[in-house]
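Protein sequence lines correspond, in order, to chains A and B.
Residue 221 in full-length UniProt numbering sits at position 221 of the first sequence, with consecutive numbering throughout.
Residue 25 in full-length UniProt numbering sits at position 25 of the second sequence, with consecutive numbering throughout.
What the hints contain is simulated information worked out from the structure, not anything from laboratory work.
Any given hint might turn out to be false.
Quick list of in silico lysine-lysine cross-link-like pairs, DSSO-like style, CA-CA up to 27 angstroms [to be verified]:
no. : chain 1 : residue 1 : chain 2 : residue 2
1   : B       : Lys89     : A       : Lys129
2   : A       : Lys129    : B       : Lys109
3   : A       : Lys348    : B       : Lys164
4   : A       : Lys348    : B       : Lys109
5   : B       : Lys25     : B       : Lys84
6   : B       : Lys109    : A       : Lys350
Spelled out from the first residue to the last, the chains are:
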Amino acid sequence: MFYREAGDYKTSYVDDSQTFPIALDRRIYMAAAVLAFLVVPFVMTDYLVNAIMMPFLIFAIAALGLNILTGYCGQVSLGTGGFMAVGAYSTYKLMTAFPDLNIFFIVILSGIITAGVGVLFGLPSLRIKGFYLAVATLAAQFFLVWMFNKVGWFYNYSASGQISAPERTVLGQAVTGANAAPWVSYLFCLVFVFALAWLTRNLTRGRIGRSWMAIRDMDIAAEIIGVNPLRTKLSAFAISSFYIGISGSLFFAVYLGAAEVGEAFGIQKSFLVLFMIIIGGLGSIFGSFAGAAFMVLLPVILKLFFADFIGWPTDLVAHLNFIIVGGLIVFFLIVEPHGLAALWRTIKEKLRLWPFPH
Amino acid sequence: MNDMSPDSYTTADGRTIGGKIMEVKNITLRFGGVVAIKDISFDIREGEIRAIIGPNGAGKSSMLNVINGFYHPQEGEILFRGEKRGPMKPYQIAQQGIARTFQNIALFKGMSTLDNIMTGRFTHMKAPVWKQAIWRGEAEREEIENREVVEKIIDFLEIQAIRKTPVGRLPYGLQKRVELGRALAAEPKLLLLDEPMAGMNVEEKEDMSRFILDVNDEFGTTIALIEHDMGVVMDISDRVVVLDYGKKIGDGTPDEVRANPEVIDAYLGVSHD
Ligand SMILES: Nc1ncnc2c1ncn2[C@@H]1O[C@H](COP(=O)(O)OP(=O)(O)OP(=O)(O)O)[C@@H](O)[C@H]1O
Ligand SMILES: [Mg+2]
Chain A
1 MFYREAGDYK TSYVDDSQTF PIALDRRIYM AAAVLAFLVV PFVMTDYLVN AIMMPFLIFA
61 IAALGLNILT GYCGQVSLGT GGFMAVGAYS TYKLMTAFPD LNIFFIVILS GIITAGVGVL
121 FGLPSLRIKG FYLAVATLAA QFFLVWMFNK VGWFYNYSAS GQISAPERTV LGQAVTGANA
181 APWVSYLFCL VFVFALAWLT RNLTRGRIGR SWMAIRDMDI AAEIIGVNPL RTKLSAFAIS
241 SFYIGISGSL FFAVYLGAAE VGEAFGIQKS FLVLFMIIIG GLGSIFGSFA GAAFMVLLPV
301 ILKLFFADFI GWPTDLVAHL NFIIVGGLIV FFLIVEPHGL AALWRTIKEK LRLWPFPH
Chain B
1 MNDMSPDSYT TADGRTIGGK IMEVKNITLR FGGVVAIKDI SFDIREGEIR AIIGPNGAGK
61 SSMLNVINGF YHPQEGEILF RGEKRGPMKP YQIAQQGIAR TFQNIALFKG MSTLDNIMTG
121 RFTHMKAPVW KQAIWRGEAE REEIENREVV EKIIDFLEIQ AIRKTPVGRL PYGLQKRVEL
181 GRALAAEPKL LLLDEPMAGM NVEEKEDMSR FILDVNDEFG TTIALIEHDM GVVMDISDRV
241 VVLDYGKKIG DGTPDEVRAN PEVIDAYLGV SHD
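The following block holds chain A by itself, in its conformation from the complex:
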């Protein structure tokens, strides 16, 4: 009875399709927003912002994006790292070509460019499915990394082959570059996270979200009720890539400051984000956040405990991280494909009825 629905009657269809059907959920969400915007920036140390909060926010955006494509629309992608690179390099080119353009718009434009690239690589999805599509996106991943490495124009022919973000400000505060204060970068990313999470919720509860899920669950049945499979899949590729492009843009410009494509956006990133949505929960917004939090926190916590506290060598701790993640992936794929989000739902159901088991 901790978690109550009683007395929380729905009297219209508007209420029934609200983002958070239970008032308590809505309050938790509002509390999270207040905490994230008004409390965290003032109480968190720079270390925590850099080691945990920033990667968490940025990868939560990528996880939301991949979840739209894979979790909602059922199209597996191993190209996330490559698409993040598209976002990052778009940002770099736009920043250097248009020094006066506000970084906020540059990030959004980078998302739009990535959406276009995503559509291009999504075209084969009409013909190929599942494993074969995964391989095709894997090819996209390697092609994109290779291209950003080889074509000098993308990194303005810099000698190091790296890209680095010059200083840009928003409302007088440096967001990128060496002088950016961690709390400013954090807030900048946070705005994107809340906006994109809200957009995801709206998209997934309406017509387009249902058409994605219809294609995922039974494509021939989707077709006989009027869903155009190619358009629907491409819309998922576009919107998903938009998110992933923004994530890559923020990862490069706001978080890293400088990047080398193979290291920052290699295949490991594709797997990292895929693991986030598998562990967090396919087809769940909450799961995207839970998975991102988990994958970001796990190595930090393991390091704090085993390396710093017990004194194990760091490479051993890194291996422990791999073992745990690998085990969890197997566990979730076999036992609970809806990930942490489903476990959370089960706990909620139990709390709702507690202490009466039925």
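With chain A fixed as given, assemble chain B with the ligands onto it according to the hints.
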């Protein structure tokens, strides 16, 4: 019966049957060497319940697949509401107002009953994606209007209690009913049902027959259905087409078809020469 005048007439139970809504002309469909449909022609009239019957493998499902665009016949043509239909994709045919259910249930397993039926409203929802992303305004209004239609269907099919249940968890009979609901949600002009009562017990069959009759009567929906249960077919259909080995062997009212010697042969398994 095919030479019946195109004018409308009124049935014994007072329903109005109009002109031809669909005409299937000389359709031949081959899969490699297998001829699934051989030169078949028939029509479906506005407002009627048209049954397609025949032994296993007769080509009934293939015929529906031709009508809704999954299969492309090598020969023949299809007229919908008097117009010859060019090559079209299944989703375009759906947009013209033809809905169907499948012999093997094809629901969206990961979605609730409500979402499955809401998905059936797809062609009636028009808000562009960016408005759906913003939600407030047109998208929300449209969602509520369509939700109201869907709730009426849910009431009609008496499935209020399973509104929020993931369809994968429902028993077979209810899944069939939800699938009918999803097809109805499209408010089709022509509804194709592939064995809507297969695998059901007597009580479930009675319910389903009643729903089909009510859909036809209350919404005036034209229905073409495939069914193996002869009792049901004879009870609910206005006219029956009989297929056997890809050929049409009978076409007419239930009584006419029942009296047709070729049909009797096919059903009693008399060998063909
Ligand atoms: N996609 C296909 N590829 C090859 N052959 C097919 C295909 N679809 C149907 N057939 C063949 O066409 C013939 C007619 O099949 P169809 O499914 O239309 O029969 P049916 O009348 O619906 O039978 P049932 O009562 O068993 O459902 C069969 O011989 C079948 O094997
Ligand atoms: Mg069949």
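Quiz prompt | Unsatisfied constraints (hint numbers, rising) | solution = none
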